[in-house]
Structure formats: structure tokens, C-alpha cells
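Going down the list, the protein sequences come from chains A and B.
Sequential numbering from 1 applies to the first sequence in our numbering.
Sequential numbering from 1001 applies to the second sequence in our numbering.
Hints in this document: simulated from the structure, not taken from any laboratory.
Computed from a prediction, not measured in an experiment: that's the story for all the values here.
Among these hints, one or two may not hold up.
Stated by the list, open to error - Calculated pairs, DSS-like style, for lysine-lysine (alpha carbon to alpha carbon, straight line, at most 30 Å):
hint, chain 1, residue 1, chain 2, residue 2
1, A, K61, B, K1070
2, B, K1014, A, K49
3, B, K1070, B, K1057
4, B, K1083, A, K49
5, B, K1070, B, K1083
6, A, K49, B, K1057
7, A, K69, A, K49
8, B, K1057, B, K1071
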Amino acid sequence: AQSVSQHNHHVILSEAASLELGCNYSYGGTVNLFWYVQYPGQHLQLLLKYFSGDPLVKGIKGFEAEFIKSKFSFNLRKPSVQWSDTAEYFCAAIPYANAGNMLTFGGGTRLMVKP
Amino acid sequence: DGGITQSPKYLFRKEGQNVTLSCEQNLNHDAMYWYRQDPGQGLRLIYYSQIVNDFQKGDIAEGYSVSREKKESFPLTVTSAQKNPTAFYLCASSLSGQSTDTQYFGPGTRLTVL
């Protein structure tokens, strides 16, 4: 069965530090990949997504992610975090050919940014 | 104000009782989903529906039931057969249910079974 792994469950950074959150998926075929974010007290919302083309995708609020097919990875990055980036981040994947849009989510990473 | 609404925000029930969680969307989306969120486990799909009067089981459908009588509504019933119902439940919708669609999420309902 397809799975998505996020290796860091909790990350604590100081403001202006660089961020990289790991995400690995287990599906061998073509996949669509997503990063969602859940800010405290807010709805889960899309940060960015990758379907095809340039493996470096840019999302909202200065986030980007790189798809590395050989490593089955889709890591999320931000050069300089802000206190407002404190949130829980979820990686998700779905086989391209999936007819039901059944996303598989990773376990989430809680990021705390200290001011 | 377009979006997905879930009610109530907090719900308390006694063990052995069925409870129904509401989900409504005014985005005119065809597809709707129910997820369960538990700490450290991310979101797990309970049921999804791509069209009115049709729905499919997700990864953890046992102990749950749904209906899709109207496009905008997708209520979830947590039955007494669900062994561990205390959790945060999220409803989502997407335009058509294709694998490239973005899913839009509601604010969630936190269910506590006493």
C-alpha cells in the first residue's frame, strides 16, 4: 500500500533560520504531491503542489519544494522562517492515475518558530 | 462567503451512542471527503463521494457511515461500532475528484466520547 513518511515530528527553529522538512513516499509510479499547512486555529490549506515539469515548485508565503524522483522525496524548504510560520505541515501523495483523489497523508510535522 | 462549514466545533457523546457530524459546502464541488486526524498519524480517509448518491470507503471506514443526498452536503455518522471514535474529524471537498484537484478543508469537529 502507498505510504507517506515525514521523519521530523517536531521542529523548533529561531526566526530567520532555514527550514527543510522531509517527505518520502512509497509509490513507484507517477504521483502527484502536495504540501498542506494547518496554522493554529485555522483550516488546513494548500501550500504547494507538484504534478509534472520543473521539479522545484514554489508555493505561498515563500515556501518551495523539490521533487527528487530517484529518492522518492518531496522536501519542503524555506530560506528564512518567521514566527508566523508556526504550524503543522502535512505532506500528501496520490498516484496520478487514481480515480478517486484518495490522498495519502504523512503523519505531519509540528514547526515552532521562536521569535 | 464561500467555503466548507462543519458543525458543531466540539461534540461530546456517551459511549454507545451514534452521532452525526455535519459538513456543508457552497463551492459547487462534486467531490467530498471525510478524514480523521489523530496526533502523529496525519489524516486518514474515512469515506469519499465523487457524485451525489454515490460514495466509496476509504482506509478506515469501519464503524462509520455517510450519505450524499445533496451535492452540498456530506454528513458522517459515527456509530457505536467504531471502537475508538474520539478524534478530530475533517471534511473536505474538491472540484471533480481528479487526482490533480486541490482539496479544500473545513474547520473540523472535535468529537469526544465519554
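Comparing the hints with the structure gives:
no. : hint                 : in the structure
1   : A:K61 with B:K1070   : violated, 36 Å
2   : B:K1014 with A:K49   : violated, 41 Å
3   : B:K1070 with B:K1057 : holds, 18 Å
4   : B:K1083 with A:K49   : violated, 35 Å
5   : B:K1070 with B:K1083 : holds, 29 Å
6   : A:K49 with B:K1057   : holds, 25 Å
7   : A:K69 with A:K49     : holds, 15 Å
8   : B:K1057 with B:K1071 : holds, 18 Å
The structure fails to meet hints 1, 2 and 4 from the earlier list, while all remaining hints are met.
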